[in-house]
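Q: Listed here are the chains, written in short residue letters.
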Amino acid sequence: MQLKRTTWAAVAAAAMLVLTACGDAGEDGDGDDTGAKGDYEVVADPDFEAGSRMAEIAEAGTVKIGVKYDQPGIGFKAAGADAPTGIDPEMGKVIAGQLGIEAEDIEWVETISANREPFLQEGTVDFVLASYSITDDRRKIVGQAGPYYVTGQSLLVAADDDSIKGPEDLEGKKVCSVTGSTSIATVEKEYGATPAGFDTYSECVDQLKNGSVDAVTTDGAILLGYAAEAPDEIKVVGEPFSEERYGVGYSLESPELCEFLNTTLEEALSGDAFQTAFDKTLGESGNEAPATPTLDPCP
Amino acid sequence: MDFLTDNPDLYFKGFWETLKLLLASGALAMVVGTVVAVARVAPVPILRGVGTVYVALFRNTPLLILILITYYGLPEIGIDFGFFIMVTMAMGLYTAAFVAEAIRAGVNGIQVGQVEAARSLGMPFTLTMQQVVLPQAFRFVVPPLASVFIALTKNTSLAAAFGIADATFRMKGYLNEYATERVAIFLGIALGYVVIVEVISFGAHMFERRWAVKR
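Here the protein sequences line up with chains F and V, keeping their order.
The first sequence begins at 33 in the working numbering and counts up by one.
The second sequence begins at 164 in the working numbering and counts up by one.
Chain V with its partners taken away, still in its complex shape:
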């Protein structure tokens, strides 16, 4: 276990970077994903079209290719935000497509009578979404959203090859330096990811209990 006792700070620095990536791209994915989901169920055809195109584009493109386009495409046209923001953008916009589909499933799960009731009370579309549909939809989508964020946690490891010193970057460094401790290094890094994923699962579980629809 020399790798941990010699350089414990590198291990934690790596996972801190992973966490920052997860939080930043997760927040971006939630915001964009919700907007796209609303667009996909909106009564305006153009909005529905834009939402559909977004999901088709970002869900069907491999994340690695999205990152490559961001890294090599944007600087070509003079846009360069730095590695962290660029990789966060790629991962956030990619994950947003999955968030949107999960939320859309939740929205579709709301009985149409509820929307009709809200509309007949005179609530406009946005208010119907805000007050009636989305609060209920978010309850239904906690389990699938948790899966999306768990997938995102693991996807952040791609950043190790794009200038970010995350946990996977640290793992490769450790492997190079401590040839005799390969298995311990793999297990140690895997453990860190498992902890993050478990926290997400636990959080999802708490939300589910708290928001459970009383029937």
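Pulled out of the complex, with its shape left as it was, chain F reads as follows:
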């Protein structure tokens, strides 16, 4: 029976390894609940043209909004948290408010980059606010109102690294970002970097800290947040490059949504709703709010 005992010991050892691994992977940012009640105006009895999608949503009293769950500051939901946090969910609340819907009546749906268009086309969600860059190709199949936020990607490197000062130093360097993101495609195609894709930004930051990659790239505001957490180990270098224009996705079956979204975004940007949303999320690590973008006209 000696063999048997060894087998059990091995199983127990494997189980412990599994448990340790789980513990490691779970820590992703902090899940501070921003009890959002009352941050943004909720229109008491919104008036929409009968039969329009806005009237339908307002009538239903709930709206389905697709956001990212894995991008701190942009759209993030910690394990066990009730609602996602970040600039995208905040802007979702602003839009819901204009439809007469309270923040807690929003149905949040996790969307990843690959399923944003199908979710809009199939009606799984009413709006997508998921670091959703406006592109001509996407506008062929879904509607995109905005941009409400214009950003550029930056570089995060080790604090003692002087060899990378900007994107032009990336030739042949290993640069980490989320698999499938626009940022990683840009550094590979335009600056000749070797792409290293991971599932989340925090994994990339871990790989940077242990020296497995030379740089991490994504939205500058997100990187500043990480740099602020560990200023001795990592730093943001160079000016932002590339331009990402975040828009609100909607279904082309309801083109009337565009005018509504543009009006809402216009008010949010010229009033203080956007500033509030920014300060609570990306602005927390001391970032300045970006210049107010000009909205694209509706088609």
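It is worth saying that the hints were derived from the structure and are not from the lab.
Here the structure is a predicted model, which is why all the values come from computation and not from measurement.
Note that the Cβ used here is the ideal one computed from N, Cα and C, for glycine as well.
A hint or two may mislead.
[Said to hold, decoys possible] Cross-link-like lysine-lysine pairs, in silico, PhoX-like; alpha carbons within 20 Å at most: (1) K176(V) x K221(F); (2) K206(F) x K172(F); (3) K183(V) x K206(F); (4) K205(F) x K221(F); (5) K176(V) x K206(F); (6) K197(F) x K221(F).
[Stated by the list, open to error] In silico negatives: residues of chain V with every beta carbon more than 10 Å from chain F: (7) A187; (8) T197; (9) A205; (10) Q277; (11) M286; (12) F325; (13) I327; (14) L338; (15) A347; (16) V360; (17) I363.
[To be verified] Selected chain F positions facing chain V (Cβ under 8 Å, derived; list incomplete): (18) S84; (19) S145; (20) E149; (21) I166; (22) D169; (23) K172; (24) G212; (25) T214; (26) A217; (27) P227; (28) F230; (29) N242; (30) S244.
Please build the complex by placing chain V on the supplied structure of chain F, with the hints as guidance.
A: What follows is chain V alone, placed relative to chain F:
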């Protein structure tokens, strides 16, 4: 089909990376798997124990967790070989457990009289394995080994989220950039994997015909 005409090199670079992963981890799995299989049928109890523990450990642990342990555990203790070698190690050692079991099945399929004949000729264990048992066992195990390597081909797609720019990584990039061509992208990438798997099946078929035991 803009995604292919705009950036055909990315498609092939992706599958080249997938192939490299497959070949490297496949070779590692063959070597380690054979050693473990031999250990499991060895007349030495300690070797048998080690073989059993190996199979139990690596076959029962999900591949994703093995990769996580390699990526986050090893650098903690100062070992860092780079993404390609680390993911190859995890996949190779994982697949080795399946290779070992397939080969052990083949070994057990060899009639005991053959081993007895070899031993009675004075061949030691290693020579019996090398000259009599393993050559025959490998014939029996071609079909199950082909299945193991086909599974490995598909498992390599996990590397896309671990710093390797393989075919699945390229697929996610294409999906982000060419929103209007989703179906074509899925089919195009699937086709690449199907081709690799078909080559493995064909190779297995050739081996089977070539090595067929004449009865």
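Q: All the hints need checking, so say for each whether the structure fits it.
A: Here's how the hints hold up against the structure:
1. K176(V) x K221(F): At roughly 13 Å apart (the allowed maximum being 20 Å), K221(F) and K176(V) satisfy the hint.
2. K206(F) x K172(F): Given that 20 Å is the threshold and the Cα spacing comes to 34 Å, the pair is violated.
3. K183(V) x K206(F): holds (18 Å)
4. K205(F) x K221(F): holds (13 Å)
5. K176(V) x K206(F): holds (16 Å)
6. K197(F) x K221(F): holds (19 Å)
7. A187: holds (18 Å)
8. T197: holds (21 Å)
9. A205: holds (13 Å)
10. Q277: Check passes; 26 Å lies beyond 10 Å.
11. M286: The assertion about M286(V) holds, with a minimum of 27 Å to chain F.
12. F325: It is violated; F325(V) is separated from chain F by about 7 Å at its closest Cβ, not greater than 10 Å.
13. I327: violated (8 Å)
14. L338: violated (5 Å)
15. A347: holds (13 Å)
16. V360: Given that every Cβ of chain F is farther than 10 Å from that of V360(V), nearest at about 23 Å, it holds.
17. I363: holds (26 Å)
18. S84: violated (26 Å)
19. S145: Interface hint status for S145(F): holds (5 Å vs cutoff 8 Å).
20. E149: Nearest chain V Cβ about 5 Å off; hint holds.
21. I166: violated (11 Å)
22. D169: holds (5 Å)
23. K172: Holds: closest Cβ of chain V sits about 5 Å from K172(F), inside 8 Å.
24. G212: Constraint on G212(F) satisfied, holds at 3 Å.
25. T214: With Cβ-Cβ at 6 Å, under 8 Å, it holds.
26. A217: holds (5 Å)
27. P227: holds (5 Å)
28. F230: Holds. Min distance 6 Å.
29. N242: Nearest chain V Cβ about 5 Å off; hint holds.
30. S244: S244(F) check passes; min Cβ-Cβ to chain V is 6 Å, inside 8 Å.
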